[in-house]
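All chains, please: the whole structure from these sequences, using the hints.
The lines below spell out each chain.
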Amino acid sequence: MRLLIVEDETDLRQALAMSLGDEGYAVDMAEDGEEGLYMAQEWDYDAIILDIMMPRMDGWEMLERLRKTKNTPVLILTARGAVDDRVRGLDLGSDDFLVKPFDTDELHARLRALIRRAAGKTTTQLSYEGLAVDTAKKSVSVNGEPVRLTALEYSMVQYLMMHCGSVVSRTELYEHLFNEDDDSLSNVLDVHVCNARRKLGGEYIKTRRGLGYTIGA
Amino acid sequence: MRPSHSIRWALILWNMLLLAVVLVTLLSVHYHVSRKTAFAEIDSNLQGSVIKVLPYLVPPEGHRGFQPQREGQPPYDGQPPFDGQPRHDGLRPLDGPPREFIPAGNNDDRSAFPAEILSALDSAEDYLNSLIEENFYLIGWNKDGTQEYVYGTAPADVQLADYALGDKEQLFASRNGSRELASLHPSGRLFVIGRPMEDVLHELRVLSGYLILIGTAILLTGFFAGRWIIDRALQPIHTISETAEEIAAGAHSRRIELAAAPEELESLASTLNSSFDHLDHALENQKRFSADASHELRTPIAVVLAQTQVGLKRERSTKEYKGILEACYRAGTRMKTMADTLLELTRIDGNESPLNLTEQPLNSIVAQTVSDASNLSDQHPISFKAPNEPVQAKVDENRIHQILMNLMRNAIQHNPDGCAIHVSLEQHTGAAVISVADEGSGIPAESLPHVFERFYRADKSRSREQGGAGLGLSIVQSLVEAHGGTIEVRNEDGAVFTIRLPLQGAA
Chain A
1 MRLLIVEDET DLRQALAMSL GDEGYAVDMA EDGEEGLYMA QEWDYDAIIL DIMMPRMDGW
61 EMLERLRKTK NTPVLILTAR GAVDDRVRGL DLGSDDFLVK PFDTDELHAR LRALIRRAAG
121 KTTTQLSYEG LAVDTAKKSV SVNGEPVRLT ALEYSMVQYL MMHCGSVVSR TELYEHLFNE
181 DDDSLSNVLD VHVCNARRKL GGEYIKTRRG LGYTIGA
Chain B
1 MRPSHSIRWA LILWNMLLLA VVLVTLLSVH YHVSRKTAFA EIDSNLQGSV IKVLPYLVPP
61 EGHRGFQPQR EGQPPYDGQP PFDGQPRHDG LRPLDGPPRE FIPAGNNDDR SAFPAEILSA
121 LDSAEDYLNS LIEENFYLIG WNKDGTQEYV YGTAPADVQL ADYALGDKEQ LFASRNGSRE
181 LASLHPSGRL FVIGRPMEDV LHELRVLSGY LILIGTAILL TGFFAGRWII DRALQPIHTI
241 SETAEEIAAG AHSRRIELAA APEELESLAS TLNSSFDHLD HALENQKRFS ADASHELRTP
301 IAVVLAQTQV GLKRERSTKE YKGILEACYR AGTRMKTMAD TLLELTRIDG NESPLNLTEQ
361 PLNSIVAQTV SDASNLSDQH PISFKAPNEP VQAKVDENRI HQILMNLMRN AIQHNPDGCA
421 IHVSLEQHTG AAVISVADEG SGIPAESLPH VFERFYRADK SRSREQGGAG LGLSIVQSLV
481 EAHGGTIEVR NEDGAVFTIR LPLQGAA
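Order-wise, the sequence lines are chains A and B. For the first sequence, our numbering puts the final residue at 217, and the numbers step up evenly by one. For the second sequence, our numbering puts the final residue at 507, and the numbers step up evenly by one.
Treat the hints as calculated values from the structure; they're not laboratory data. Fair warning: there could be bad hints in the mix.
Unchecked claim - Think about it this way: if two alpha-carbon atoms lie no more than 25 Å apart in a straight line, the pair counts; the simulated DSS-like pairs of lysine-lysine are:
| no. | chain 1 | residue 1 | chain 2 | residue 2 |
| --- | --- | --- | --- | --- |
| 1 | A | K138 | B | K313 |
| 2 | B | K287 | A | K137 |
| 3 | B | K143 | B | K168 |
| 4 | B | K287 | B | K336 |
| 5 | B | K52 | B | K143 |
| 6 | B | K36 | B | K168 |
As the list claims (entries may be wrong) - Partial list, derived from the structure: chain B residues whose beta carbon lies under 8 Å from chain A:
| no. | residue |
| --- | --- |
| 7 | R298 |
| 8 | I301 |
| 9 | A302 |
| 10 | V303 |
| 11 | L305 |
| 12 | A306 |
| 13 | Q307 |
| 14 | K313 |
| 15 | A327 |
| 16 | A331 |
| 17 | M335 |
| 18 | K336 |
Each residue gets a CB set at the ideal place from its N, CA and C atoms; glycine is no exception.
Dropping the structure here:
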């Protein structure tokens, strides 16, 4: 899962990046609305965390302009918590609203819910033929037996399960697992897929040559 | 509502009091005039009666007189005298032999009198008869004080001593419900003619009864009419106070309708309205200020919370912990600065840190500040222009330094390197004018009216870390105003801040 944080407050931006990185997200950061808008349009993020009061371009404008081209889930994270601010944010097309100061656990839960809803799922439990993924606990089990995966392997399995039944291209998978600063080569992905496939056992992760990977298609 | 403190009741009371005084005066005047008129009528009636019956009571000039007592009969006893028979039996000419009386039926001597005397005598007698029928009474004393006659039902206790005329010829008096006229005749006789006043007194009683009734009716009408008028007059006050109550209860946007207020209350209403506007505005400002302050505090708090949560989530490297602590320290410092600034603003506004005012030349203070500010940046040349003669003003040196330092720091921060700053001090009539101008791009027109507002940041492109909380100019304005001065901003070649400080009687 790859996120974009648009926040002008350096210390807060870094704290967010650290805590979301700990959660296994690939995180990109932007310092203001202009940069944020460019990046949000350039990449397909799973969710965007957006501040409102920012130099150069504020969050309202960025959201308004982003919505003309993209439907990326947006969570507004702002110190302006008045009702009309919330209403404005939601009406402009944001998907959630959180007021500073916030609890990081709540932020994580809201992001999970946001990503889940965007993928059309309603619960934290994803399952396919004995393979079960709990997105809240970040655990994977096969036929009830827990499987230990690395953070990256887990993210990959979760992403494939989120899009269960359809083929995910290598590029797409790569883009959602690594942030822009990551210069891992794309064949690293094949190694991770290989490892995950071995740990899960069976033929859950299938390769569609020339197309990408899939679970359930 | 206590009646003693109610305008309505006070007005009603005064209205009633005034009405009552006027009514009592008018009605009693009316009563007394009526009484006086009635008495005057009686009196003139008495007087006329005396004149008419006089020929019967006093012998005509040149005659001895008549004797009302007949021989063989007891002296006149005061009983109703007239039985249809005339009392007098004739008058004797003075030159004739004196006779005490003339036997009844013998009227021969009457021929001795001129016919006009006799006819006057007769008509007087007739008139006396008619008076007695009307319950008049007549009493007469001769000059020796002997009672000569009593006609009619006179009071039994009548004495000559009751009628002390002094040097007057006649005297009106009331006695036991009768009106009497005591009249002294040139012959030395004293007549008293009286008539009972029962009828007149009764009329007067009836009149006074009517007057009391009318008075009461007018008072009652006055009470209700007065109350109605007063209520009507006070209605706008009620409306105003009702509106004020509604506003006090929370309808802050409501205002008193000026169109409905009468002329006298219009200025009160408009004063109230402008006070409400002022309060509303102050309340809004206060609300916005609180909201802005809490908003400004939320960000550093969010930093502290997010950073510490990250740090506590799992074991981290020393470097990471150090970064977290540094971020928390920065956030804490920011909150401290903001708290200090807010406290300072509150102190200046609440006059809690009074200015240390001393009379001194502004020239050196401004020059010193300019030289201090020059140290802030090598890239922003600051020029200073001041008159040769010292501009003496009563100011707090440290505060003036703070004000100018703030303005120059702003100019340096908001303008690119190489942008010059011009500071000038001038003396105008009654005011010292200090201006701080830069050659930058100026302040956006839409921001000009707001730059002194708290938490307002004109330059949105500057982040909070660079631009502070937006309180600097608020402090400058508060400090200038504490000196009794004014500060204005306008755009010329760049932003120009102009401070005017009064030269005498600085606050």
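Hint check results:
no.: 1; hint: K138/A <-> K313/B; verdict: holds, 16 Å
no.: 2; hint: K287/B <-> K137/A; verdict: violated, 43 Å
no.: 3; hint: K143/B <-> K168/B; verdict: holds, 15 Å
no.: 4; hint: K287/B <-> K336/B; verdict: holds, 22 Å
no.: 5; hint: K52/B <-> K143/B; verdict: holds, 21 Å
no.: 6; hint: K36/B <-> K168/B; verdict: holds, 21 Å
no.: 7; hint: R298; verdict: holds, 4 Å
no.: 8; hint: I301; verdict: holds, 4 Å
no.: 9; hint: A302; verdict: holds, 4 Å
no.: 10; hint: V303; verdict: holds, 5 Å
no.: 11; hint: L305; verdict: holds, 5 Å
no.: 12; hint: A306; verdict: holds, 4 Å
no.: 13; hint: Q307; verdict: holds, 4 Å
no.: 14; hint: K313; verdict: holds, 6 Å
no.: 15; hint: A327; verdict: holds, 4 Å
no.: 16; hint: A331; verdict: holds, 6 Å
no.: 17; hint: M335; verdict: violated, 12 Å
no.: 18; hint: K336; verdict: violated, 15 Å
When the structure is compared with the earlier hints, violations turn up for hints 2, 17, 18 and for no others.
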